[in-house]
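Student: One-letter residues, chain by chain:
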Amino acid sequence: SQQGEEDPQALSIQEGENATMNCSYKTSINNLQWYRQNSGRGLVHLILIRSNEREKHSGRLRVTLDTSKKSSSLLITASRAADTASYFCATNGGSQGNLIFGKGTKLSVKP
Amino acid sequence: NAGVTQTPKFQVLKTGQSMTLQCAQDMNHEYMSWYRQDPGMGLRLIHYSVGAGITDQGEVPNGYNVSRSTTEDFPLRLLSAAPSQTSVYFCASSYSWDKVYEQYFGPGTRLTVT
Chain P
1 SQQGEEDPQA LSIQEGENAT MNCSYKTSIN NLQWYRQNSG RGLVHLILIR
51 SNEREKHSGR LRVTLDTSKK SSSLLITASR AADTASYFCA TNGGSQGNLI
101 FGKGTKLSVK P
Chain U
112 NAGVTQTPKF QVLKTGQSMT LQCAQDMNHE YMSWYRQDPG MGLRLIHYSV
162 GAGITDQGEV PNGYNVSRST TEDFPLRLLS AAPSQTSVYF CASSYSWDKV
212 YEQYFGPGTR LTVT
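So the sequence lines, in the order shown, correspond to chains P and U.
Every letter in the first sequence is one number past the one before it in the numbering used here, and letter 82, counting from 1, is 82.
Every letter in the second sequence is one number past the one before it in the numbering used here, and letter 72, counting from 1, is 183.
Just so you know, not all the hints are guaranteed correct.
[Stated by the list, open to error] Below, simulated EDC-like cross-link-like pairs (lysine to aspartate or glutamate); rule was C-alpha separation at most 20 angstroms, straight line:
(1) Lys120(U) to Asp137(U)
(2) Lys69(P) to Glu15(P)
(3) Lys103(P) to Glu170(U)
(4) Lys26(P) to Glu170(U)
(5) Lys103(P) to Glu17(P)
(6) Lys70(P) to Glu5(P)
(7) Lys110(P) to Glu17(P)
(8) Lys103(P) to Glu213(U)
(9) Lys70(P) to Asp83(P)
(10) Lys106(P) to Asp137(U)
(11) Lys103(P) to Asp149(U)
(12) Lys103(P) to Asp83(P)
(13) Lys120(U) to Glu183(U)
(14) Lys106(P) to Glu17(P)
(15) Lys56(P) to Glu183(U)
(16) Lys106(P) to Asp83(P)
[Stated by the list, open to error] What the simulated footprint calls covered on chain P by chain U, stretch by stretch (three residues with Cβ under 8 angstroms from a Cβ of chain U suffice, anywhere in the stretch; the number is not a length):
(17) 40-50
(18) 66-79
Read the hints as simulated data drawn from the structure, not as lab findings.
Here the structure is a predicted model, which is why all the values come from computation and not from measurement.
C-beta: ideal position from N, C-alpha, C; glycine also.
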C-alpha cells in the first residue's frame, strides 16, 4: 500500500517560477527521500532528509519535514524547462532499507 | 561504473509464457530490489535482497521469483505471464541494507503481456 501521497498530482509553471510539491505519509519514518523521474527513464535520487532533521538544501532544492504533521515539501527554486519530470517521495520505516513510494507529482515547466 | 543495468528494455509476452528480467550492478551494493510501476500507482516493491543468498518478498510478490547467487546480479523471473503483469519494471540497488542510503535505479524494462 502507498505510504506517501504527493500533492498536487500535476503542476504546470513558467520557467523561472518556483515549484512546490507536498508529500504526506501515514506511519512513523526513519527518513524520507525525494526522487525525480524523467519520461521513460529510471528514478534519480535528489535528496534524503532524516526524521530528526527539519530542513535540508541541495542546490536549487529545499526540502522540509514536519514529523508531527507527517508531511514533507519539496521546493524547486528558479525552475528550468529541464526540471520537467515526475517527482516522488519515498519513506523508510526501518524495514531493511525498503522504501515505500508515493504516486508522484508531474511537473511541467514551460519555457 | 555502469551503475545498474537492466535487460531487455522492451519485451512482449503471450499469456502463460515465462521469462527472466536481468539486473546487474557494479557498485558492490548489498541491497537490491525490484519494483513495478503502473500508471497512477507509483512504484511498488516486488522482491528485495539484502545480500547474496538472501531474498524476501515485498508488497506485490505473487507471480514472481527471484534469486541472488552473486552480489552483482538479481534476476526477476515471471513464471507464467498474465496480462496483469503488464508494467514497467525497475531494478534498484543501495549500498547497505541496515542503514538507508539512496537507491540507484536501472533504466527499466517495459513488459507487455497479451
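Student: Run every hint past the structure and note whether it holds.
Tutor: Hint check results:
Distance hint between Lys120(U) and Asp137(U) is fulfilled; the C-alpha atoms sit about 19 angstroms from each other, no more than 20 angstroms. At roughly 31 angstroms between alpha-carbon atoms, Lys69(P) and Glu15(P) are farther apart than 20 angstroms, so this suggested pair is violated. Between the alpha carbons of Lys103(P) and Glu170(U) the distance comes to roughly 15 angstroms, so the proposed pair stays at or under 20 angstroms and holds. As the CA atoms of Lys26(P) and Glu170(U) are separated by approximately 16 angstroms, the hinted pair is consistent with the 20 angstroms bound.
As the CA atoms of Lys103(P) and Glu17(P) are separated by approximately 24 angstroms, the hinted pair breaks the 20 angstroms bound. Taking the CA atoms of Lys70(P) and Glu5(P), the gap is near 11 angstroms; set against the 20 angstroms cutoff, the hint holds. For a cut-off of 20 angstroms, the pair hint linking Lys110(P) to Glu17(P) stands: about 10 angstroms separates their Cα positions. Under the criterion of a C-alpha separation no larger than 20 angstroms, the hint pairing Lys103(P) with Glu213(U) is consistent with the structure, at around 18 angstroms.
Of the pairs offered as hints, the one joining Lys70(P) and Asp83(P) is violated, with about 26 angstroms between alpha carbons and a cut-off of 20 angstroms exceeded. A C-alpha spacing of about 31 angstroms is found between Lys106(P) and Asp137(U), which places the hinted pair above 20 angstroms, so the restraint is violated. At most 20 angstroms may separate the alpha-carbon atoms for a hinted pair to count; Lys103(P) and Asp149(U) meet this at roughly 10 angstroms. Using a Cα cut-off of 20 angstroms, the hinted pair Lys103(P) and Asp83(P) holds, with the two alpha carbons roughly 18 angstroms apart.
Taken as a hint, the Lys120(U) and Glu183(U) pair is honoured in the structure, with Cα atoms around 19 angstroms apart against an allowance of 20 angstroms. Between Lys106(P) and Glu17(P) the CA atoms are separated by roughly 16 angstroms; this keeps the pair inside 20 angstroms, and the hint holds. At roughly 32 angstroms between alpha-carbon atoms, Lys56(P) and Glu183(U) are farther apart than 20 angstroms, so this suggested pair is violated. About 10 angstroms separates the Cα atoms of Lys106(P) and Asp83(P), which keeps this hinted pair within 20 angstroms; it holds.
Check result for the segment 40-50 of chain P against chain U: holds, 7 residues qualifying (beta carbon to beta carbon below 8 angstroms, three or more required). With 0 residues having a Cβ less than 8 angstroms from any Cβ of chain U, the segment 66-79 of chain P misses the three-residue criterion, and the hint is violated.
Of the numbered hints listed earlier, those contradicted by the structure are 2, 5, 9, 10, 15 and 18.
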